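In the order they appear, the protein sequences are chains A and B.
Heads up: the first sequence begins at 0 in numbering that gives the first Met the number 0, then just goes up one per residue.
Heads up: the second sequence begins at 0 in numbering that gives the first Met the number 0, then just goes up one per residue.
Calculated from the structure, these hints are not laboratory results.
This list has only true hints and no planted wrong ones.
Where chain A lies over chain B, by a calculated footprint (3+ residues, C-beta under 8 angstroms):
| # | region |
| --- | --- |
| 1 | 192–201 |
| 2 | 221–231 |
| 3 | 241–254 |
| 4 | 270–278 |
Straight-line C-alpha distance at most 25 angstroms; calculated SDA-like pairs for lysine to any residue:
| # | chain 1 | residue 1 | chain 2 | residue 2 |
| --- | --- | --- | --- | --- |
| 5 | A | K85 | A | L65 |
| 6 | A | K268 | B | S64 |
| 7 | A | K85 | A | V23 |
| 8 | B | K323 | B | R54 |
| 9 | A | K134 | A | T115 |
| 10 | A | K268 | B | I281 |
| 11 | B | K267 | A | E188 |
| 12 | B | K267 | A | A192 |
| 13 | B | K323 | B | G55 |
| 14 | A | K268 | B | T271 |
| 15 | B | K267 | B | A256 |
| 16 | A | K268 | B | E63 |
| 17 | A | K268 | B | E213 |
| 18 | B | K99 | B | R53 |
All values derive from a computational prediction rather than experimental measurement.
Positions of the beta carbon are idealized from the N, C-alpha and C atoms, including for glycine.
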Amino acid sequence: MSGLSSSSDAPVLVVDGMNVDIAVPAGALHAVSDVSFSVRPKETLCLVGESGCGKTITSLALMRLLPRTATLTARKIAFEGHDLAKISERAMARLRGYRIGMIFQDPMTSLNPVYTIGNQLEEVYLRHHRGASRKQARERAEYLLSRVGIINAGQRLGQFPHQLSGGLRQRMMIAMMLMCEPALIIADEPTTALDVTVQVQILQLLRGLQDEFNMAMILITHNLGVVARTADQVAVMYAGRVVEQGSAEDVFHNPAHPYTRGLLECMPKHGQAASMGRLGSIPGIVPSLVGNQRGCSFRNRCSLQMPTCHEGQIDLRPARGDHFYRCLLEPGATKPRPVSLGSAA
Amino acid sequence: MSALAMKERPQVATAIEPLAFETRDLSKVFHIGRKWYAGGQPLRAVDGVSLSLRRGEVLAIVGESGCGKTTLSRMMLGLQPPSSGEIFVGGEPLTNVDRKVFARRVQPVFQDPYSSLNPRKTIGEIIRDPLLIHNIGTAKEQVAEVEAMMERVGLARRQIHSYPSQLSGGQRQRVAIARALIIKPEIIICDEPTSALDVSVQAQILNLLQSLREQMNLTYLFISHDLSVVEYMSDYVAVMYLGRIVEAGPTSEVMNAPRHPYTRALMKSILTPEPGLGLPDIHLGRGFPDPLNPPSGCRFHPRCIDAMDKCSSIVPRTLTDGEKIIECHLHDPEMAKA
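Let the hints inform the model, and build the full structure from the sequences given.
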């Protein structure tokens, strides 16, 4: 959507080779392995995958909000001249909420129930703007609440989170994130708890604000419909790894990885009734991520599994241009046949 | 409110078999802020709903949160008494049917498979419980039945001694389905059975529900907010808004040619996985109204793009056209004349 105009801009965030390991009694759980991506201003990158695929851990790692038992390693995570994997906790605290904003799935649990909305919005601003007055903060809060489509903004500032509906709370979270005009927004399932009609409105709002404030967005979701309609770039995650990455057009029109194809076949389509045949489904469940990971993590659920899928490490390879996938087969193959060595290069 | 009760579906008269399930002018009023000395403010969660379900059919109810779909399902499960109106099971009024007899005919599958299973019981015990309660078969027969049912819903036999915490969300939902089916009910009330599940698991569960329906001639009342799931699963669909059914009919007709402006907005808000289309413009004023103070006239008028003057003052009639039902002035020929 932002295609040509933004491609000349330098990326806001470059993640290169990020790993997150979590210590569990049985050893190390490889929650995120070898994840790399970049986002430019006004661009939306969607991380999509099922529960347990590592998408939320990826977002928490970028905000450095991982649990204590987790270790983050990366070749680099470059954001506005900082390396987020290396900077101190103090420096990170200055960026969090100021240059990087975050929206969570359930706005009720991410708001403090005993403070008014106005109080919580002002706090963000005052924390990052030394010397700003409460009056300035309140004016900005009121402006932003009306900007995200809340009527009677002034009156709403005195209310508590429980007095708002789910959609209004999520708008409020968006306003809170905008208090400091971040360069990057990380939205983790921002519309999952909302009704379908409200979901569309919130996504439209985010898209509009992104263009207006020149923000990059990482949108984390399990909903392929949301991905298709909002993403410029898509990264499909499975068992902690990116299995396919590319533009939304490439990934949806020419899915290269068997998992991506399986996911798309699982969705009921308009005009499809049960009498016309069953939905595609992916048998089995996500593998354990504890211990050494060898071969393709999807192999046990894959109908195209080959003996070679069990061995070694499978790297992301280009399907076409900027479209990458992590599979030994030709892009979009429907038969299990190993790639000849010549074309793998 | 509903002086114009919904007419029964015309084909009802031709059916020889009694309807599997029927509600007539069903309402539920809650009193909010009620004290022992005062009545509280009435909230009409369900307001004059008439539905009918034939054996082997799937009727879906769709609507946004707060539209009353869960309250409706709770009344149909006998978990909450209606404030007015009647429910019939197999032609008999619910009030005349013994609780245990009712439970053998109607079973629920709930949304959250994490909270609807007892964490201290094994899978085998959970699935066997209904057989114990209804005193069906000997212990040996019960265990055999549990094993057969587990196989039918796609659970491994070795999981019989597992606890719910050891299972994934999809497996738990299979346990909930097995528990509902073990006493061979006729009707299953599914309240958002897949909304807590991942896409690939959702597909597995929807396929399972369809296969079981065909094998066991089951009747489903399927409650969902996801229209693409409803389209896939159901034969008939009823769209609810603020406690009323605003449009109903055969799923393919309602989905392909939605007539009520609210149904149209719901249809537009389905995000199909087609890149490049961008976000749809759903033409829906924001803000679900306060159910304590429902708007006058047509309850949808503040959000409706086609609203006319009379929409805010006159309550729309219920119009029936074959199997289709609609409550909207736009489709009322008399209103168009006036």
